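Visitor: Build the full structure now, drawing on both the sequences and the hints.
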Amino acid sequence: MGSLEEAGSMNGGSANVEGNGASLRESNGDGVIRDTLMEVEEEEKVKPGLKEPKTNGRVMAPPSATFCQENGNDNNSKRRKPPLPLEVGTRVLCRWRDDKLHPVKVIERRKLTSGPDDYQYYVHYTEFNRRLDEWVRLDQLELDSVETDADEKVEEKAGNLKMTRHQKRKIDETHVEEGHEDFDAASLREHEEFTKRKCDLKHPPGDEIYRNGSLSMFEVDGKKNKIYGQNLCYLAKLFLDHKTLYYDVDLFLFYILCECDDRGCHMVGYFSKEKHSEEGYNLACILTLPPYQRKGYGKFLIAFSYELSKKEGKVGTPERPLSDLGLLSYRGYWTRILLDILKKHRGNVSIKELSDMTAIKTEDVISTLQSLELIQYRKGQHVICADPKLLERHLKAAGRGGLDVDASKLIWTPYKEQGN
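Note that my numbering has the sequence shown beginning at 3, numbered continuously upward.
Think of the hints as simulated: they come from the structure by calculation, not from any bench.
Small disclaimer: the values here were computed from a predicted structure and weren't measured.
You may find that some hints are simply not true.
In silico lysine-lysine, DSS-like type, Cα no more than 25 Å apart, as pairs [unchecked claim]:
| # | residue 1 | residue 2 |
| --- | --- | --- |
| 1 | Lys-313 | Lys-226 |
| 2 | Lys-204 | Lys-225 |
| 3 | Lys-391 | Lys-312 |
| 4 | Lys-363 | Lys-313 |
| 5 | Lys-411 | Lys-297 |
| 6 | Lys-312 | Lys-346 |
| 7 | Lys-313 | Lys-346 |
| 8 | Lys-411 | Lys-204 |
| 9 | Lys-226 | Lys-200 |
| 10 | Lys-411 | Lys-277 |
| 11 | Lys-346 | Lys-398 |
Guide: Set out below in structure tokens:
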């Protein structure tokens with residue numbers, strides 16, 4: 003973005019007004035300059051008497067209106083005809099599945115075989131989570147809404163090209179990389195044997211605190227295994243756009259869920275929690291790796307975090323704010339757990355007792371029951387209204403609960419009792 007002085011000196015639509023508008027210069031051609039000056043003179047003539055000047059039956063617009071109209075039309079013409087294919091980084095409106103236009107940013111593009119100018123664009127909907135990023139066709143994009151100015155793009159691109167060439171020359175002068183193109187097959191194999199490094203670990207570092215069949219859970223201290231914790235956060239950043247924790251892992255514990263076989267323990271997901279949370283959070287970040295999703299592991303991780311809270315003798319809640327999918331997952335877990343207890347006790351249980359039995363924070367208990375219309379506010383307190391038929395209907399709608407956590411297989415001591 004240039005300064006005001008730079009903007010005032012640009013060609014094409016710049017203007018300079020001196021005095022009381024006696025002189026108006028535009029860089030749109032000599033004819034436009036003369037016509038505009040004549041209009042200014044005519045306007046000055048009619049000021050004392052407030053009479054309309056003689057214009058041969060033609061109503062003349064004020065110079066400012068003429069100027070804005072001409073430049074507005076010029077800008078509109080630029081917006082209507084953006085250069086194709088669209089550059090990566092372009093912002094435009096895209097028609098989504100709801101048949102409404104939403105702002106997007108072009109992340110990538112790929113050529114189609116149907117024509118020389120046919121491209122598909124991979125876009126990010128700036129209003130939504132990155133999981134909704136997708137490939138779209140050109141006809142889904144509202145080309146009139148392209149925000150990037152063509153001239154500005156050219157200048158920015160030229161500057162980047164100059165910087166790239168300068169950086170490349172600097173790198174070439176200070177660093178010459180030795181290639182492998184002169185190696186024969188035997189020499190290349192020998193080189194690989196000396197340089198390759200294999201990971202000898204068969205499982206995550208830390209302590210195994212749970213094993214049930216082929217599933218294992220490992221507790222990793224971010225302070226004792228700092229590099230591993232940081233790399234785990236970087237891995238999560240690939241799938242969680244809002245992930246911000248990278249370096250300060252000393253204050254966190256990581257719980258790694260693994261599938262085990264004869265080759266070792268393979269991570270399928272994890273969650274992290276603060277060692278000491280003043281807000282009572284029992285979970286800070288949760289991730290199930292994409293190849294292992296829809297297997298119940300996410301629900302298992304949520305349930306496991308509450309089993310740890312029960313061991314600690316505390317009620318817990320996930321760190322806020324929750325994403326839309328996170329809230330959906332937690333609401334499903336809370337619904338199943340609370341409905342099971344209400345069904346067994348036939349509704350004869352208080353909200354405080356529900357919280358103590360499940361380690362779910364009372365605010366989460368109340369919000370969940372309110373969403374199910376199972377709670378009412380009477381005489382200054384919340385009262386649970388548990389109709390058996392309504393409970394059964396809600397249980398069917400909640401679906402299956404995923405993998406169960408066998409608390410008897412959990413061998414774990416809360417962090418505060420470890421003396422660290």
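Visitor: Each hint should be assessed against the structure and marked as holding or not.
Guide: Against the structure, the hints:
Restraint check for Lys-313 and Lys-226: satisfied, since their Cα atoms lie roughly 23 Å apart, inside the 25 Å limit. At roughly 21 Å between alpha-carbon atoms, Lys-204 and Lys-225 fall within 25 Å of each other, so this suggested pair holds. Distance check on the hinted pair: Lys-391 and Lys-312 sit about 30 Å apart at the alpha-carbon level, beyond 25 Å; violated. Restraint check for Lys-363 and Lys-313: the C-alpha separation of about 15 Å stays at or below 25 Å, so the hint holds.
Proximity of Lys-411 to Lys-297 is assessed by CA-CA distance (about 21 Å); at most 25 Å being required, the pair is judged to hold. Distance hint between Lys-312 and Lys-346 is fulfilled; the C-alpha atoms sit about 20 Å from each other, no more than 25 Å. Taking the CA atoms of Lys-313 and Lys-346, the gap is near 23 Å; set against the 25 Å cutoff, the hint holds. Distance check on the hinted pair: Lys-411 and Lys-204 sit about 21 Å apart at the alpha-carbon level, within 25 Å; holds.
Distance restraint check for Lys-226 and Lys-200: the Cα-Cα separation of roughly 22 Å lies within the 25 Å cut-off, and the hinted pair is therefore satisfied. Restraint check: the Cα-Cα separation between Lys-411 and Lys-277 comes to about 22 Å, which is no more than 25 Å; the hinted pair holds. Annotation: proposed proximity of Lys-346 to Lys-398 holds, straight-line Cα distance about 16 Å (limit 25 Å).
In this structure, only the earlier hint numbered 3 is contradicted, and the remaining ones agree with it.
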